[in-house]
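Student: Residue-level listing of the chains:
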Amino acid sequence: DAKTTQPPSMDCAEGRAANLPCNHSTISGNEYVYWYRQIHSQGPQYIIHGLKNNETNEMASLIITEDRKSSTLILPHATLRDTAVYYCIVRVVNYGGSQGNLIFGKGTKLSVKP
Amino acid sequence: SAVISQKPSRDICQRGTSLTIQCQVDSQVTMMFWYRQQPGQSLTLIATANQGSEATYESGFVIDKFPISRPNLTFSTLTVSNMSPEDSSIYLCSVDVGYGYTFGSGTRLTVV
Chain A
1 DAKTTQPPSM
11 DCAEGRAANL
21 PCNHSTISGN
31 EYVYWYRQIH
41 SQGPQYIIHG
51 LKNNETNEMA
61 SLIITEDRKS
71 STLILPHATL
81 RDTAVYYCIV
91 RVVNYGGSQG
101 NLIFGKGTKL
111 SVKP
Chain B
1 SAVISQKPSR
11 DICQRGTSLT
21 IQCQVDSQVT
31 MMFWYRQQPG
41 QSLTLIATAN
51 QGSEATYESG
61 FVIDKFPISR
71 PNLTFSTLTV
81 SNMSPEDSSI
91 YLCSVDVGYG
101 YTFGSGTRLT
111 VV
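So the sequences go chain by chain: A and B. Using the working numbering, you'd call the opening residue of the first sequence number 1 and step up by one each time. Using the working numbering, you'd call the opening residue of the second sequence number 1 and step up by one each time.
Please note that a few of the clues may not be correct.
Once the Cα atoms are required to be at most 35 Å apart in a straight line, the calculated DSBU-like pairs of lysine-lysine come out as [what the hints assert, rightly or not]:
id	chain 1	residue 1	chain 2	residue 2
1	A	LYS69	A	LYS109
2	A	LYS3	B	LYS65
3	A	LYS52	A	LYS109
4	A	LYS113	A	LYS69
5	A	LYS52	A	LYS3
6	A	LYS3	A	LYS113
7	B	LYS65	A	LYS52
8	A	LYS3	A	LYS106
9	B	LYS7	A	LYS69
10	B	LYS7	A	LYS106
11	A	LYS52	A	LYS106
12	B	LYS65	B	LYS7
13	A	LYS69	A	LYS106
14	A	LYS3	A	LYS69
15	A	LYS52	A	LYS69
16	B	LYS65	A	LYS106
17	A	LYS113	A	LYS52
18	B	LYS7	A	LYS3
What the hints contain is simulated information worked out from the structure, not anything from laboratory work. Quick caveat, the model's predicted, so the values are computed rather than measured.
Okay, chain A solo, but in the shape it has when bound (with noise of 0.2 Å):
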């Protein structure tokens, strides 16, 4: 089962930030925070991933709380284009060892409307 849980569906309008929130309360201390998106008819695409602290990439950012049970995932200016499932995921990171698999939940159905 997925060690996440998410809200089924959100609405964003067009242009405003979209903060999809993720709970993962019995994440481990080797577990990181991956968030992936599905575009209908396509396969799932890398968004940004982090362990406890906040990270940005060009797409999104990642918020973490301090004590790991949560994170939120921001799209700054939301398009149309952003209109996708979001799937916040917990994946055991072993540097130099075995790594964990990526388990999808039921993620979030995000619409941004004009």
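Start from chain A and add chain B according to the hints.
Tutor: Here is chain B on its own, set in the frame of chain A:
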């Protein structure tokens, strides 16, 4: 990141037949992964394929139904055997590129 080509992109098959899906990567990768996405559902991991060893299957998936080949570091195949309508799904190949997984565009299979 790696670029993945999957073939076929879609197919309609008769029940009882088998379909082999091909996954080609433009760089050498150690591990390749096969996922299934049933209609309206999330992705489910079928198996992990390492070159030179037998694939590792997740609970609920067996080799007789989903045989996998991994002949080299850039290629893998997944066969869906003795198909039934319940096998109608999107099948996706993915590889670990270090910071995460890259996915192919998938094979949309309809069994009639």
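Student: Indicate, hint by hint, whether the structure satisfies it.
Tutor: Here is how each hint holds up against the structure:
For the given pair, A:LYS69 sits about 21 Å from A:LYS109 by alpha-carbon distance, which is consistent with the 35 Å threshold. Between A:LYS3 and B:LYS65 the CA atoms are separated by roughly 28 Å; this keeps the pair inside 35 Å, and the hint holds. At most 35 Å may separate the alpha-carbon atoms for a hinted pair to count; A:LYS52 and A:LYS109 meet this at roughly 25 Å. For the hint pairing A:LYS113 with A:LYS69, the CA-to-CA distance comes to about 30 Å; that is within 35 Å, so the pair holds.
Simply put, A:LYS52 and A:LYS3 have alpha-carbon atoms about 17 Å apart, close enough for the 35 Å limit, and the pair holds. Taking the CA atoms of A:LYS3 and A:LYS113, the gap is near 30 Å; set against the 35 Å cutoff, the hint holds. Annotation: proposed proximity of B:LYS65 to A:LYS52 is violated, straight-line Cα distance about 41 Å (limit 35 Å). Between A:LYS3 and A:LYS106 the alpha-carbon distance is near 11 Å, which keeps this suggested pair within the 35 Å criterion.
Taking the CA atoms of B:LYS7 and A:LYS69, the gap is about 40 Å. The hint is violated against a cut of 35 Å. For the proposed pair B:LYS7 and A:LYS106, the alpha carbon gap of about 26 Å is at most 35 Å, so the pair holds. Only pairs whose Cα atoms come within 35 Å are accepted, and A:LYS52 paired with A:LYS106 is accepted, the gap being roughly 23 Å. Of the supplied pair hints, the one linking B:LYS65 and B:LYS7 holds, its CA atoms being roughly 19 Å apart against a limit of 35 Å.
For the hint linking A:LYS69 to A:LYS106, the alpha-carbon distance of about 18 Å falls within 35 Å, and the restraint holds. Simply put, A:LYS3 and A:LYS69 have alpha-carbon atoms about 11 Å apart, close enough for the 35 Å limit, and the pair holds. A hinted pair counts as satisfied when its Cα atoms are at most 35 Å apart, and A:LYS52 with A:LYS69 qualifies at roughly 10 Å. The hinted pair formed by B:LYS65 and A:LYS106 meets the criterion: a straight-line CA distance of about 25 Å does not exceed 35 Å.
For a cut-off of 35 Å, the pair hint linking A:LYS113 to A:LYS52 stands: about 32 Å separates their Cα positions. With a C-alpha separation of about 32 Å, the suggested pair B:LYS7 and A:LYS3 falls inside the 35 Å cut-off, and the hint holds.
The structure fails to meet hints 7 and 9 from the earlier list, while all remaining hints are met.
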